[in-house]
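With chain D held as given, fit chain L onto it using these hints.
In order, the protein sequence lines correspond to chains D and L.
If you count by the numbering used here, then the first sequence holds residues 1 to 84, one letter each, in order.
If you count by the numbering used here, then the second sequence holds residues 1 to 175, one letter each, in order.
Because the hints were derived from the structure by calculation, they are not lab data.
Glycine included, each C-beta is placed from N, C-alpha and C at the ideal position.
Accuracy of the hints is not assured; some may be wrong.
To be verified - Covered, in the sense of this in silico footprint (three residues per stretch, anywhere, with C-beta under 8 angstroms from a C-beta of chain D), are these stretches of chain L:
hint: 1; segment: 72 to 79
hint: 2; segment: 133 to 140
hint: 3; segment: 143 to 157
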Amino acid sequence: MLTVLFFARIREELDCPGLELPWGETVADLDLLQARLYTRGGARWQEVLGASNVIRAVNQAVVTGNVGLRDGDEIAFFPPVTGG
Amino acid sequence: MAMKSPFSPLLPVAEPGVGTVLAVSVQADDFDVAALQRGLLAGAHAEGAVACFTGYVRAANAGQAVSVMELEHYPGMTERSIRGILEQASARWQLLAASVVHRVGRLQAGDQIVWVGVASAHREAAFSACEFIMDFLKNEAPFWKKELGPRGAHWVEARAQDRARAARWDDDKPV
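With the rest of the complex left out, here is chain D:
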C-alpha cells in the first residue's frame, strides 16, 4: 500500500486530503505514481499536481527528481512552504 497526502492549497484544490493505493509495478516510482494520479483524478489533478512549484516528499523527506517507491511508502505533494 502507498499512502499519498496532499497539503494546503493542493489539498483544497483537489478537495482531497489524501488516499491509499495498492502498491505494484504501475506505481513503482514517483513519476509513475503521479501519472496514475492524473489518470485517476483527470485534467484538474494533472493541472494542480503538475504545476512547476509542487514539492514532492517521500517518507517525510523532500525529493528532487524521480525516485523509486516501495510498499508502505508515504508520499506527499505540497506547495512551497510559508512557515515562520
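Relative to the frame of chain D, chain L by itself:
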C-alpha cells in the same frame, strides 16, 4: 571537547555538536518566552549566551489587512525537518542548546507564532545559529499560512527573498 567554565565548574558542559540539547515543539497553544528561555538555560547549564527570536502574526501583509491566520503543517515531517535544521546548526556552531516552538491552527493578528532559542558559550555562535535556524525553518519546514481578512482568504505565497536568505549561508564559513 568540553570547555572549562569559570561560572559553573561543577556542572558538566555539553560537548559541542554532540551533547547539544535540541528540542522541537509544534503546538496549537501559545507559549511563554520567559519560561522557554529559562528551560533553555537549564539545558545549557546557564552558560555564556542565549539568543532568542520571536515571530508574530502580522496585522497586514502585502498591503492587505490580516485578521486571522490559519497555519497548516505536515505532522511528523514538520518535527523531523526542524530537528534536522537544529542538527545542522549544532554541527556548524558550538551550541549548548537549541529549541524551536512553532504554533499551528488558528491565530490572530499580533499572536506569537514562532520562537527560536539558542544557547552557546559565546554570543557570535548564538546570534548566527538563531538566524540560520530561522532562515532554514522558513524555507524547509512544511508549514503553510492561510490569511483571512476583509477581502477573503488566501494562501500566503513563498517569497524569493526568504530563499535568498537561506542560500547566503551556503558560502559562509562556520563561525
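Taking the hints in turn, this is what the structure says about them:
1. Under the rule that three or more residues need a Cβ within less than 8 angstroms of chain D, the assignment of the segment 72 to 79 of chain L holds, with 5 such residues.
2. For a cut-off of 8 angstroms, the count of residues in the segment 133 to 140 of chain L with a CB near a CB of chain D stands at 5, and the three-residue condition holds.
3. Given a C-beta distance limit of less than 8 angstroms, the hint that chain D covers the segment 143 to 157 of chain L holds, as 7 residues qualify and 3 suffice.
The structure shown violates none of the earlier numbered hints.
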